Amino acid sequence: MNETAIKFKNFHYGYINSDSILHDINLDIRKGSFTVISGPSGAGKTTLCKAMVGIIPYYYGGRYAGEVEVLGAPTKGKRVSDLSMRIGLMLDDYESQLVSITAGEEIAFGLLNHGFAPEEVELRTKQALLDVGLPGRENYQLDELSGGQRQRLLLASILAVRPEILVLDEPVSAMDPEGAQGLYKLLYKIYKEYNMTVVVVEHNINFLLSYATDMIVMNKGCVAAQGSFEQAAAMTYTIPELRRNLPELWQIKLHLEKRFGVSLGDWRKKEDAIKELKEKFVGGALG
Amino acid sequence: MIEAKAVNFAYNRGQPVINDVTCKIEDGEFVALLGHNGSGKTTLSRLFMALVHPRSGQVFVDGDNIENLEPADLAHQVGYVFQNPDLQILEDNVFSEVAYGPICKKLPKDAVKEQVIAALEAMGLENLADAYPRTLSFGQKRRLGVAAALALNPRTLILDEITNGQDEQEKDNMMAYLEKLNKEKGITIILITHDMNIARKYARRAIVLNNGDLVFDGRTQDLYNGERDLNEWGLSQPVLAVLSAAMGLSAYSVEEFCQQLFPKEGDER
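If you read the sequences in order, they're chains A and Z. So the mapping is simple: the numbering used here equals the position in the first sequence, first residue as 1, plus 470. So the mapping is simple: the numbering used here equals the position in the second sequence, first residue as 1, plus 291.
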């Protein structure tokens, strides 16, 4: 079954007093996919995320044309708060999304605004903290949590609403590799457990190589490649200026396939690559 | 030259952040300062520029103990570029932004102009001298931060995660400028980074901190030999280093790696 979670149809957008940022976007993000969005800085990735959750154009204004659909319904005319019941957004500047004094209040804030009963708020708060590995921290003040924990708290406050789609814009940009791997591992666990659709903007696809099912590559406000991870990677490799956005493992794989006309496996881990390289290749002098 | 001798530091009588660190960075070196979040690398770099002072031990810059100095006293010796370029922007155009430091140091007008132009040229911003800083791209803002530090002619530049959030092309541009500063002008570069590929490719020496302890100080190529387990320090080996080690190669780019590989007999089609 290939249902669509998010669809862009001939979508164009430009912020007020700025040039056009997104040009004729036609996209299908599959329901149940773990989609990574990549591309050079300034390609329009963040703008695309904001359009998915409706804050573009409704909060930002600007000029737009075309349509965005979330789970089959156009976002046009919908309130952002209504959309947020089905699609949650975590921005790269996560601190700006935190508004409360304690962890419990932070999660309850969104739920109460959506009109959930207090008993339900309590249950969902408890579960959301458990889901992100912060069980029993309801009464912790935000400044008692580390940066990584605050980021997970924000994730919990979005998850508590139980949206079907989760959109994250560069969630690990300020983390060390260990922290980044930890957050993505957690995200993947939640994705599997709740059968969600996850969309992540990430420069360093190495972190997501084990998890990504689909990929979208943006360039200069346009969609340069989209589809399954394999298809989109192969397409991206044909565009020299975008090639280096691919994980190194895939740059090597696609380079060797092209150079020697061989077909190599679906390398998701270093170990996959090493095994096949040792089977099929030998090191030699510069050729 | 910057030297730390048995330096210990903690913020506000809290947990120790730097534990008995001793190291010496000579003029003209290109050093990567590595470690997990909270390992103490930013704090160590702050100690190097007198933004904070050791609880015990000493820091020397060009042989002088800096215990009674402030960052401004060292600005012409040690330049610091923050992780977030927006925090460093104070003026309404690029030229004034870069001129801010030299003007504060009360340099003569001609010298200010000369040093600003040299700094802008060194970072490829000479055509943007009149631009409003906030309209620059993220990569340009990062280079503006470096230019502002350079305008004071420091002999050492400390750069805190300046390639974070940049795409591969922007990273290459920034690193090419820094490499040129190091090689052609002999400026010492201390690069705080989480990017293992950048550290491996550009830095000749690596210093690793783990929970405030100095756990490695040596050649970058010995750290990234593809075999050493760096996980215990919250670091990882770059993919290319691991693959190169596994295949018995030495490669610093995908192209180099692929050029050194050939199909085993019978596998070429």
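Please keep in mind that the hints were generated in silico from the structure rather than gathered at the bench. Check each hint, because a few of them may be wrong.
With a straight-line cut-off of 27 Å between C-alpha atoms, the simulated BS3-like cross-links for lysine-lysine are [as the list claims (entries may be wrong)]:
| # | chain 1 | residue 1 | chain 2 | residue 2 |
| --- | --- | --- | --- | --- |
| 1 | A | 745 | A | 690 |
| 2 | A | 690 | Z | 555 |
| 3 | Z | 432 | A | 520 |
| 4 | A | 740 | Z | 492 |
| 5 | A | 739 | Z | 432 |
| 6 | A | 659 | A | 690 |
| 7 | Z | 555 | A | 745 |
| 8 | A | 728 | Z | 432 |
| 9 | A | 750 | Z | 555 |
From chain Z, some residues computed to sit far from chain A (all C-beta separations above 12 Å) [what the hints assert, rightly or not]:
| # | residue |
| --- | --- |
| 10 | 292 |
| 11 | 358 |
| 12 | 461 |
| 13 | 524 |
Residues from chain Z shown here face chain A by an in silico Cβ test under 8 Å; the list is partial [said to hold, decoys possible]:
| # | residue |
| --- | --- |
| 14 | 399 |
| 15 | 426 |
| 16 | 484 |
| 17 | 543 |
Since the model is a prediction, treat every value here as computed from it, not as a measurement. Positions of the beta carbon are idealized from the N, C-alpha and C atoms, including for glycine.
Hint check results:
At most 27 Å may separate the alpha-carbon atoms for a hinted pair to count; residue 745 of chain A and residue 690 of chain A exceed this at roughly 37 Å. A threshold of 27 Å between alpha carbons decides the hint, and for residue 690 of chain A with residue 555 of chain Z the separation of about 41 Å lies outside it, so the pair is violated. The straight-line distance between the Cα atoms of residue 432 of chain Z and residue 520 of chain A is roughly 24 Å, inside the 27 Å bound, and the hint therefore holds. Restraint check for residue 740 of chain A and residue 492 of chain Z: satisfied, since their Cα atoms lie roughly 20 Å apart, inside the 27 Å limit.
For the hint pairing residue 739 of chain A with residue 432 of chain Z, the CA-to-CA distance comes to about 35 Å; that exceeds 27 Å, so the pair is violated. In summary, the hint linking residue 659 of chain A to residue 690 of chain A is not supported, as the alpha carbons are separated by about 33 Å, beyond the 27 Å threshold. Distance hint between residue 555 of chain Z and residue 745 of chain A is fulfilled; the C-alpha atoms sit about 14 Å from each other, no more than 27 Å. With a C-alpha separation of about 38 Å, the suggested pairing of residue 728 of chain A with residue 432 of chain Z is violated against the 27 Å cut-off.
With a C-alpha separation of about 6 Å, the suggested pairing of residue 750 of chain A with residue 555 of chain Z holds against the 27 Å cut-off. No beta-carbon of chain A comes within 12 Å of the beta-carbon of residue 292 of chain Z; the shortest separation is about 29 Å. At roughly 31 Å, the least C-beta separation between residue 358 of chain Z and chain A is larger than 12 Å, which holds for a residue marked as non-interface. The Cβ of residue 461 of chain Z sits about 6 Å from the closest Cβ of chain A, inside the 12 Å cut-off, so the non-interface label is violated.
Taking the minimum C-beta to C-beta distance to chain A, about 9 Å, the non-interface status of residue 524 of chain Z is violated against the 12 Å cut. The closest approach between the C-beta of residue 399 of chain Z and any C-beta of chain A is roughly 39 Å, which is over the 8 Å cut-off, so the hint fails. A cut of 8 Å between beta carbons decides the hint on residue 426 of chain Z: the least distance to chain A is about 10 Å, and the hint is violated. Restraint check, residue 484 of chain Z versus chain A: the minimum CB separation of about 10 Å is more than 8 Å; hint violated.
The restraint placing residue 543 of chain Z at the interface with chain A is violated, with a minimum CB-CB distance near 11 Å, outside the 8 Å limit.
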